[in-house]
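Sequences listed follow chains A and B, in order. So for the first sequence, the numbering used here puts the first residue at 1; every next one is plus one. So for the second sequence, the numbering used here puts the first residue at 1001; every next one is plus one.
No lab work stands behind these hints, which were simulated from the structure alone. Note that the structure is a prediction, hence the values are computed from the model and not measured. One or more of the hints may lead you astray.
Stated by the list, open to error - Calculated pairs, EDC-like style, for lysine to aspartate or glutamate (alpha carbon to alpha carbon, straight line, at most 20 Å):
{"id": "1", "chain 1": "B", "residue 1": "K1041", "chain 2": "A", "residue 2": "E100"}
{"id": "2", "chain 1": "B", "residue 1": "K1041", "chain 2": "A", "residue 2": "E5"}
{"id": "3", "chain 1": "B", "residue 1": "K1041", "chain 2": "A", "residue 2": "D81"}
{"id": "4", "chain 1": "A", "residue 1": "K53", "chain 2": "B", "residue 2": "E1103"}
{"id": "5", "chain 1": "B", "residue 1": "K1055", "chain 2": "B", "residue 2": "D1065"}
Unchecked claim - Take a look, some chain A residues computed to stay more than 10 Å from chain B by CB distance:
{"id": "6", "residue": "F18"}
{"id": "7", "residue": "R58"}
{"id": "8", "residue": "P79"}
{"id": "9", "residue": "L96"}
The beta-carbon is built from N, C-alpha and C at its ideal position, and this holds for glycine as well.
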Amino acid sequence: KNEVEQSPQNLTAQEGEFITINCSYSVGISALHWLQQHPGGGIVSLFMLSSGKKKHGRLIATINIQEKHSSLHITASHPRDSAVYICAVGTSGSRLTFGEGTQLTVNP
Amino acid sequence: GAVVSQHPSWVICKSGTSVKIECRSLDFQATTMFWYRQFPKQSLMLMATSNEGSKATYEQGVEKDKFLINHASLTLSTLTVTSAHPEDSSFYICRAKGRWDTEAFFGQGTRLTVV
């Protein structure tokens, strides 16, 4: 069992749909990161959170420390949101453990 | 947010040659640099961690003589893939962290193809 598990692995949506990607982890963490990786490979950090909820534009990230679970929501999805979304948990020494990613495709 | 500039973004080289990848922190001092490798459809895998002025700490299974990491200054770290082979073809990406920062920042990544 991976220390960080994401679901779903692949997600296809129509433009405008509300999207949820889930992340569960089994280790103690200092923080949880949501990352976005575009086809070219570059990675953008979307959120870093250790409790509660954060919102940035159409993106919302939540975390439940007791349940060791986080969700990334995208409201009013758009084709440009198509990317791989990666959950990563920070452990000691700023190390990150990565989930396998969720490939999101938003069709116009 | 902070900017980490990684070059080159892609490189093709012949087997047996060496390739150097640079990561620069443009607006902060990167006391710690993480180097990752990612094969297609797989997660990022940590290769090594380096602290400025110290030798890098390599993850199990990563050959330190093949993947040379230099972190001689607070704004520059380099990864040199020596005597590259086709199986070294991968996506390499750095992540830099300042001493007092709670967050680390990724470079843009380098796609290496060894032919």
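Evaluated hints:
Restraint check for K1041 of chain B and E100 of chain A: the C-alpha separation of about 8 Å stays at or below 20 Å, so the hint holds. Only pairs whose Cα atoms come within 20 Å are accepted, and K1041 of chain B paired with E5 of chain A is accepted, the gap being roughly 15 Å. For the hint linking K1041 of chain B to D81 of chain A, the alpha-carbon distance of about 18 Å falls within 20 Å, and the restraint holds. Between K53 of chain A and E1103 of chain B the alpha-carbon distance is near 17 Å, which keeps this suggested pair within the 20 Å criterion.
Between the alpha carbons of K1055 of chain B and D1065 of chain B the distance comes to roughly 12 Å, so the proposed pair stays at or under 20 Å and holds. Remark: the non-interface label on F18 of chain A is consistent with the geometry, its nearest Cβ contact in chain B lying 26 Å away (cut-off 10 Å). Even its closest Cβ contact with chain B, about 18 Å, leaves R58 of chain A beyond 10 Å, as expected for a residue assigned away from the interface. With a least CB separation of 22 Å from chain B, P79 of chain A remains clear of the 10 Å interface cut-off, as annotated.
In this structure L96 of chain A is not separated from chain B by more than 10 Å, as the shortest Cβ-Cβ distance comes to only about 8 Å.
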